[in-house]
Structure formats: C-alpha cells, structure tokens
Amino acid sequence: MEINNKTAKLLRKDFPIFKHNSNLIYLDNAATSQKPQQVIDIIKDFYEKGYANIQRGVYKLGEKATELYLNSKESVAKFIGADAKEIIFTKNATESLNFLSYTLPSILKKNRKEIVLTEMEHLSNLIPWQQLAKRNKMKLKFIKLKKDSYELDLEDMKKKITKNTAIVSLIHVSNSLGTINPVKEIIKYAKLKGAITVLDAAQSVPHMKVNVKDLGCDFLAFSGHKIIGPTGIGVLYGRMALLEKLSPFMFGGGAAKSANFNQICWADIPARFEAGTQNIAGAIGLGKAIKYIQKIGIENIEKWEKKLTAYALSKLKEIPKIKIYNSTKNSSGIISFNLEKIHPHDVASLLDSEGVVIRTGRHCNMLLMKQIGIGGTCRMSLYFYNTFEDIDALILALKKIVKKFE
Amino acid sequence: MEHGLPKNLYSKHILELYKSPKNYGLLENPTAEITETNSLCGDEITIQLIVKDKKIRDAKFSGSGCVLSLVSSSLITDKIKDKNISEVKKMDKKDVLKLLGISVTPSRMKCVMLPLEAVKKALG
Chain A
0 MEINNKTAKL LRKDFPIFKH NSNLIYLDNA ATSQKPQQVI DIIKDFYEKG YANIQRGVYK
60 LGEKATELYL NSKESVAKFI GADAKEIIFT KNATESLNFL SYTLPSILKK NRKEIVLTEM
120 EHLSNLIPWQ QLAKRNKMKL KFIKLKKDSY ELDLEDMKKK ITKNTAIVSL IHVSNSLGTI
180 NPVKEIIKYA KLKGAITVLD AAQSVPHMKV NVKDLGCDFL AFSGHKIIGP TGIGVLYGRM
240 ALLEKLSPFM FGGGAAKSAN FNQICWADIP ARFEAGTQNI AGAIGLGKAI KYIQKIGIEN
300 IEKWEKKLTA YALSKLKEIP KIKIYNSTKN SSGIISFNLE KIHPHDVASL LDSEGVVIRT
360 GRHCNMLLMK QIGIGGTCRM SLYFYNTFED IDALILALKK IVKKFE
Chain B
0 MEHGLPKNLY SKHILELYKS PKNYGLLENP TAEITETNSL CGDEITIQLI VKDKKIRDAK
60 FSGSGCVLSL VSSSLITDKI KDKNISEVKK MDKKDVLKLL GISVTPSRMK CVMLPLEAVK
120 KALG
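These protein sequence lines are chains A and B, in that order.
Here the first sequence stands for residues 0 to 405, numbered as in numbering that gives the first Met the number 0.
Here the second sequence stands for residues 0 to 123, numbered as in numbering that gives the first Met the number 0.
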C-alpha cells in the first residue's frame, strides 16, 4: 500500500492515542512509537481469552499460547531475513547489547584486544562495551565523525579496524543526526579483518528494509516499542554458527534440557538464551506490530518518510537563524536542529504548549554532542502516520517561538 | 491529556529577566564556588558566593542554560544576598516557585532547582 498524505491520515485512525489527544502532533518517534488498535487488541485478547505459560504445559491453552509466541518469532525472523531459531527475545535493544557484552568474551581470540565503535553511538551501545573493556582489559576505539557532513569517516574506519579488532559494534541509523551509516561496507571490512560484527538497529528496523543476510552482520539488536510494538520486548538476532558457541547469559527454567546437582544440558537454541517465563504478551504484540508493518510494506514506509523528511528540511530552512545537523546524502526521518540563542528545552516547552511533541537534549549521545561542540539539540523524528500538516504545525510553532525571543 | 503550559511560563517578566539577568558574571574574591550540571541537558551553572560572619554578602552566577535555569539563577542570587546561611539552607522548591511566580511542569523542575541546589552545595 503506497502511503501519501491521505492514506497516512487513514492509517493514523488505527492509533487511538490521536483520538484521545486530538491536537497531538507527535514528532518523537525516535524515542518511541505509538501503538495501533490491532496491537493493543491482540495483547488484551491474549490476557482475556488465551493466557497461559508457554513451552511448559501439555494442555491446549498452553499449546496455543506457545504457538502464538513462536509465530511471533517467525514473523520477526522473516521480517529481517533470519531463521526463527536465530531470534532471541529480550527486553529491548539495550538488553540485547548487554547480553552480547557478557557472552561474547568467551569466544574472542586472545590476541584480539580491541573493540571498535563510532563517535555517534547511543549510550546503550557504548557503556556495555566500555564496561567489557574494563573487565577484560580491552581497548575501545572510535570511528570518527566527519563534522562537515555528519557522516562516518570511512578512511578512519580502515585505520581503526585491524587484525587486533575483536568486535565492531555500531549504530545503523544515528538516533541524534538521522545519518544512515554505510553498515554493509563497514561490516564487510570488519569481516575481512576477522572481527565479530554487531549492529544497533533500533532506529533502522522500524523505518527501512533491513536484511541480516544481506548486511552480513553477526548480531543485530532492536526494540519492539519503536516499531509500534509494546514496551518490554526487544530482539537479538545472532548468526547460528556463533550462537552455537555462546553460553547462556542468564540461567533458569526453560534454558536447560536436563539438570542434575552438578551437571547441565542446555536446551536447544534459542530457548537456552531465554531463561525464565518470557514477556509472552509482549512477544505476541510485537508479532502483530510487524504484521501491521508488513501489510503496509516497509518499503512504502521508507518512501513516505523520505518525502516527509525532504518536506521538513525544506520548511525548516525557512526559519531564521536555524542550524540543522544532518547529512545531506544519507538521512532518515530524524532531524536535529537548534534555534540560535534559544535553549532546546525552551523550544520544547513552547512547542508542547502548541501541541507539538519533540525531544530535546543530548539524546543519550554525550560523545557525539561533545564532538559537534554543542550541549544538545531539538530533535524531530517521523513515522509513517505523520503528515505534511504535522510538519506545517511544527514550522508555524517554531516561527512563533523565534518571534517571542526577538 | 491536556496540552499547554501554564500561560505565564514564558511570560513577559520571565523573558525580560532572561534577556538581562541580574548578578550574571564573576566575583573577584569568592569565598565559595560550585559548578552544577543539569542531568537532563548537561548545562552547567556556576555559583560564586562571598560569605562573611555566617551571612551571604554577595552572589553571582555564570554559565549557560535555558530560560528557566537562568532566570531562577538570577532571582535566587538576588534573594540570598544579605541572608543568613541558615535561612538560605532552609529554602526549598516552594520558595523558588514563589520567586519565579509561575508553575513549572515536573520535567522542568530540574532546571529551576539547579541554582538553589548549587548554592546549598557551595555553602557545604
């Protein structure tokens, strides 16, 4: 289904938040996305009509719940071009990345002591590796950001990734700048050097076609709540050949086939990585969210967001004394900007009074803000249910703010 | 959910103070000084004090921030001058909001409370 301004408005009708907040102009989709009725209903239905624990009981209700859970995993797998066995459900992208920072060390080669990240990492893809480096006496290296284009310096990438690199972990789409990084090229180079590759895809999977086989990454993480799914459910994809080598991160029920007092036989993959009762309703909700996205077609979402982004950029440029921090070539629907001499917090509070919701501050990107030399930004971020009118409302409100401060 | 801020959050008197704050700058011989960071945005406000005989004789602030943190800094540095330390230590959220004369949304309380917290830390 092709999305245009008219169909975007129709799609928005699926999202009850806009019914209950009739003046809401929601432009904070990079923080989290709103939920369609279909996702809310399936979670409610599950609790009301079909709730039981999964992969345990031999009664029908439990079997049906298990089927729903596994179907969701199947949907997630298909969506990103993986096998269902390669999908581990977690709490969110943060937990997925933490999982790796604890489980990967056991399979790293002893002579490889470096972890390569980029200067635009979110704290969720920085702190876990920083702490791993501390624990295992490893070294962190950062691929530089080109300050004129807000893109990664690929020459620097080739200097940073070497035969000493154990892990390369990077953000696919910058949550602050919207830059779409050339991850396929970087992964290819990292593999050539023998490193394990990890992708933080929290800002890419909801907005563009992502295929793990095509990208060639070893691991990939994303959150359900950013792709119109519920909170508390996230995904870790791992290439089977590597998952087979990893030990479980958490221990408990469901992770073992058999156990006696001093021995354990792990369950099959991925069950061995999902100890304890899982977020079953969350998983089912995420499965439905992905089905909803697939019905529209992720390519159509990408196309529509490109149109909206181009429109937003052209309109933002009309605002006097605005500074926009974005890559002209590879930009997603995330746009960071500042109004001269007006603090981002003041912009956000004043926008809020006009019903326009954006995010301000450092966006968990302290490193990046320091590199650009600013304290923070105003960040608008789009999704498929946004329209040209939403952008017009933002622009009108921004113009009012500029006037107020004159 | 209702939209909109209390109407006076960015009212004229607040914006005027923002454009020409009182006590902005540095003291020559401060007896106490502290820099506090707003965890929400990373802004830093430095407070300098001259304390003598348990009284605050002078106070200045510097740094960058949003309207609310700068106006609050201006008003608080003004308010604490010639006050006893013990009185200043007793000041709280209510006093700050009274000084500002506006109501503030919970997420922005950090901005308005930062200067008073800094003053209290500087006093030890």
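Worth flagging that the hints you see were computed from the coordinates, not collected in a lab.
Errors might be hidden in some of the hints.
Stated by the list, open to error - Keeping only pairs whose Cα atoms sit at most 30 Å apart, straight-line, the calculated DSS-like set for lysine-lysine is:
id	chain 1	residue 1	chain 2	residue 2
1	A	K290	A	K340
2	A	K108	A	K12
3	B	K59	A	K314
4	B	K11	A	K340
5	B	K92	A	K403
6	B	K21	A	K314
7	B	K92	A	K320
8	A	K136	A	K192
9	B	K54	A	K369
10	A	K403	B	K109
11	A	K402	B	K97
12	A	K157	A	K90
13	A	K12	A	K146
14	A	K140	A	K183
15	B	K92	A	K340
16	B	K78	A	K403
17	B	K119	A	K322
18	A	K316	B	K21
19	B	K59	A	K340
20	B	K88	B	K78
21	B	K53	A	K340
22	B	K18	A	K322
23	A	K90	B	K59
24	A	K63	A	K140
25	B	K88	A	K403
26	B	K51	A	K403
27	B	K78	B	K51
28	A	K90	A	K158
29	B	K51	A	K316
30	A	K369	B	K109
31	A	K403	B	K11
32	A	K399	B	K21
Quiz item: Looking at the structure, which of the earlier hints fail to hold?
Solution: The structure conflicts with hints 1, 2, 3, 6, 7, 9, 12, 13, 17, 18, 21, 23, 24, 25, 26, 28, 29, although it agrees with all the remaining ones.
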